[in-house]
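Chains as they are written, first to last, in numbering that gives the first Met the number 0: chain A, 0 to 244; chain B, 0 to 252.
These are calculated hints, taken from the structure and not from any lab test. Please read these numbers as outputs of a predicted model, since none were measured by experiment. For every residue, glycine included, the Cβ atom is placed at its ideal position computed from N, Cα and C. There's no promise every hint is true.
[As the list claims (entries may be wrong)] Partial list, computed: chain B residues near chain A (C-beta under 10 Å):
#, residue
1, Ser19
2, Tyr26
3, Lys47
4, Gly52
5, Asn75
6, Arg107
7, Gly139
8, Ala171
9, Asn175
10, Ala176
11, Thr221
12, Ala223
13, Ser233
14, Asp243
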Amino acid sequence: MGLTGLFLCTFLVVHMIGNLQLFKNDQGLAFNLYAVLMTTNPFIKTVSYLLYLSIIGHAIQGIYLVFKNKQSRPVQYAVYEGKASSTWASRNMGLLGTILLVFIAVHLSDFWFEYKFGHVPYATYATNLTDGEVRLIPTPPDYKQFNKLEETTMITPEGQFKVTIVKDLYLEVAEGFKSPWLVIVYLLSMCAVSFHLYHGFQSAFKSFGINHPKINGIVNFIGTWIFAIGIPAGFAAMPLYFFFK
Amino acid sequence: MSEQNINVTLKVWRQRNSQSKGGFETYPLNDVSTDMSFLEMFDVLNEKLIQEGKDPVAFDHDCREGICGMCSMFINGRPHGPKQAVTTCQLHMRSFKNGETIVVEPWRAKPFPVIKDLVVDRSAFDRIISAGGFISVNTGNAQDANAIPVAKDNADESFAAAACIGCGACVAACKNASAMLFVSAKVSQLALLPQGQPERKQRVMDMVAQMDNEGFGACTNTGACSAECPKEISLTNIARMNRDFLAAEITAK
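Same shape as in the complex, but just chain A (with noise of 0.2 Å):
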C-alpha cells in the first residue's frame, strides 16, 4: 500500500511539473509538444506502465484491506467518537480513495482515451525562428498524420518560421474546463487528493518502520505543505485558470 502509494506521490510531483506548461502563453505549444513526449519516448511508457499497474494495485489492496478490517469488528459501536483519536482523513482513506478512483477513470476518458483514441484535432504552430513568436496557422483540411510530430522549415519574405503540427491536447483542456461541472468535479477531485495525502504520505512512511523525531518533522512537512496543499491546489488552478480565462 505505502510503495505503490509513494510511487503514485512521485507520479503527481512529475505531471504537475508537466501540465504546469499549461500556464505558458503560447497557444499550447509547449504543451503539446509535451503530450507528444509523453506518448513516444519509451522510457515514459514502460513508467506509465508500471504506472497503470500501481493504480490498479493500490486500489485492489485498498479494497481488500477496508473488507478484511471491516471483517475485525462484526458489531459495530453504538457510540464511536473516532475524532477524538485521530484525523477524519485517517478514518476516511476508502471512501476517499473511492472518490479518486471514479476520478481518475473520469480524467483518463476526457484526455487520454481522446488523445489515443479519440478525435482530437491538430494544431499548427509557426515559430518565427528570429525574435521566438509563436502564431498558430490553420492547418491544411486534407491533412493526414505520420508522425506524433512534424517540425519543418519555412522560409517566408517575413522571415524564417518552423512549423510544428501535433494533436491539439491543449484545445481539448481548454474548451473541457469550459464547462462548469468538469471544474466542479476536478476541484471535488482535488480536495479528496488533499485529504487523501494528508494522512496517506506520511503514513506510508510508517509502515515501512520509519517513525523517528529526527525525520518526522520533515515527513510531516512534505505531506502537509507539497502533497495535501501545493499539488492538489496546483492541479486545481489548472480548470480555473481555463474556466475563467
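Got chain A sorted already, so can you dock chain B onto it with the hints?
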C-alpha cells in the same frame, strides 16, 4: 473540587452470553457522588439491581488502581471514557455532567467475543504473548543484574513499552480493530534490551503471525490506539515492529 451529587442515565449493553444477541438497557441513577470512580458507580448500580432482584451488570475489574488492565468499558464512544491516559477505574464521575446520558459498551472486535454484558474474552492477547513475548533463559543462578550493560535511552524506551497493561483499548479504539500497538509494545520491550536479541527475529514473526491468526484488523496508522492508550504507549513502537518484521522476513532462516 468540592463533592457534589449528580444524576445520570446509563445506557448499558446487556448480553446474557456469547451466543445471545444482546441490546441496550437504560438505568437512571440518582445521587451519584462525583468522587466515585466509574466502577464504584457501577457497583452502586449493581447493588440497586440486586435489591430489585435483577441480574447485575457483569464487568471486568481487578486492581482498581490502573495497573492490571482488566477494566475495559467503552464509554461514550471512547475506550476508558473521555479522559486521557487513564483506565476506567481511574475515571471519576466528576468527568460527567449532571443529567448526562452515558453509553457503555464492551470492546468490539472479532477476536474479543463478548462473554457476558461488558466482559469480553481477551485471551487472544495471551496467545500472542505465548507465541513469542518471552526470552529463553538457562536454568541456574540468576547472574548479577549489572553484568549486562544497557544504554539508558534503550532502558527507558523499553520500560515505556513494557508499561502496556494489555487492556485492549488500542484494539477497541482502532477503526480497524487492529492489535498493532499492543503487539508492537510487547515486541519492542524485548527488542530494545540485550536479553531480547537472540530470539528477536523469530519473536516478531511468530507474534505477528499469531496476531493475524486471531483475526485482528490491519494497521492504517490512524494513531487512535496511542491516543486512547491509558499508558500512552507510543506509535513509534509500531514502526519499530514494522522495521523488525521486514528485516526478519528478509533475513531469517
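Results for each hint:
Using the Cβ-Cβ criterion of 10 Å, the hint placing Ser19 (chain B) at the interface with chain A is not satisfied: the shortest such distance is roughly 13 Å. Proximity of Tyr26 (chain B) to chain A is violated relative to the hint, the smallest CB-CB distance being about 15 Å (cut-off 10 Å). A hinted interface residue such as Lys47 (chain B) counts as satisfied when its beta carbon comes closer than 10 Å to some beta carbon of chain A; here the least separation is about 23 Å, so the hint is violated. The beta carbon of Gly52 (chain B) comes no nearer than 27 Å to any beta carbon in chain A, farther than 10 Å, and the hint placing it at the interface is violated.
Interface hint status for Asn75 (chain B): upheld, as the beta-carbon distance to the closest one in chain A is roughly 6 Å, under 10 Å. Evaluation of the Arg107 (chain B) hint against chain A yields a held restraint, the C-beta minimum of about 5 Å falling below 10 Å. The interface hint given for Gly139 (chain B) is broken, as the beta carbon of that residue sits about 37 Å from the closest beta carbon of chain A, more than 10 Å. Hint on Ala171 (chain B) holds. Least Cβ distance to chain A is approximately 9 Å, under the 10 Å limit.
Because the smallest distance between the Cβ of Asn175 (chain B) and any Cβ of chain A comes to about 4 Å, under 10 Å, the interface hint for this residue holds. Hint on Ala176 (chain B) holds. Least Cβ distance to chain A is approximately 4 Å, under the 10 Å limit. For Thr221 (chain B), the interface hint holds, since its Cβ comes within 10 Å of a Cβ in chain A; the closest pair sits about 4 Å apart. Annotation: interface hint on Ala223 (chain B) holds; nearest CB of chain A at approximately 4 Å, less than 10 Å.
Evaluation of the Ser233 (chain B) hint against chain A yields a held restraint, the C-beta minimum of about 9 Å falling below 10 Å. The restraint placing Asp243 (chain B) at the interface with chain A holds, with a minimum CB-CB distance near 8 Å, inside the 10 Å limit.
When the structure is compared with the earlier hints, violations turn up for hints 1, 2, 3, 4 and 7 and for no others.
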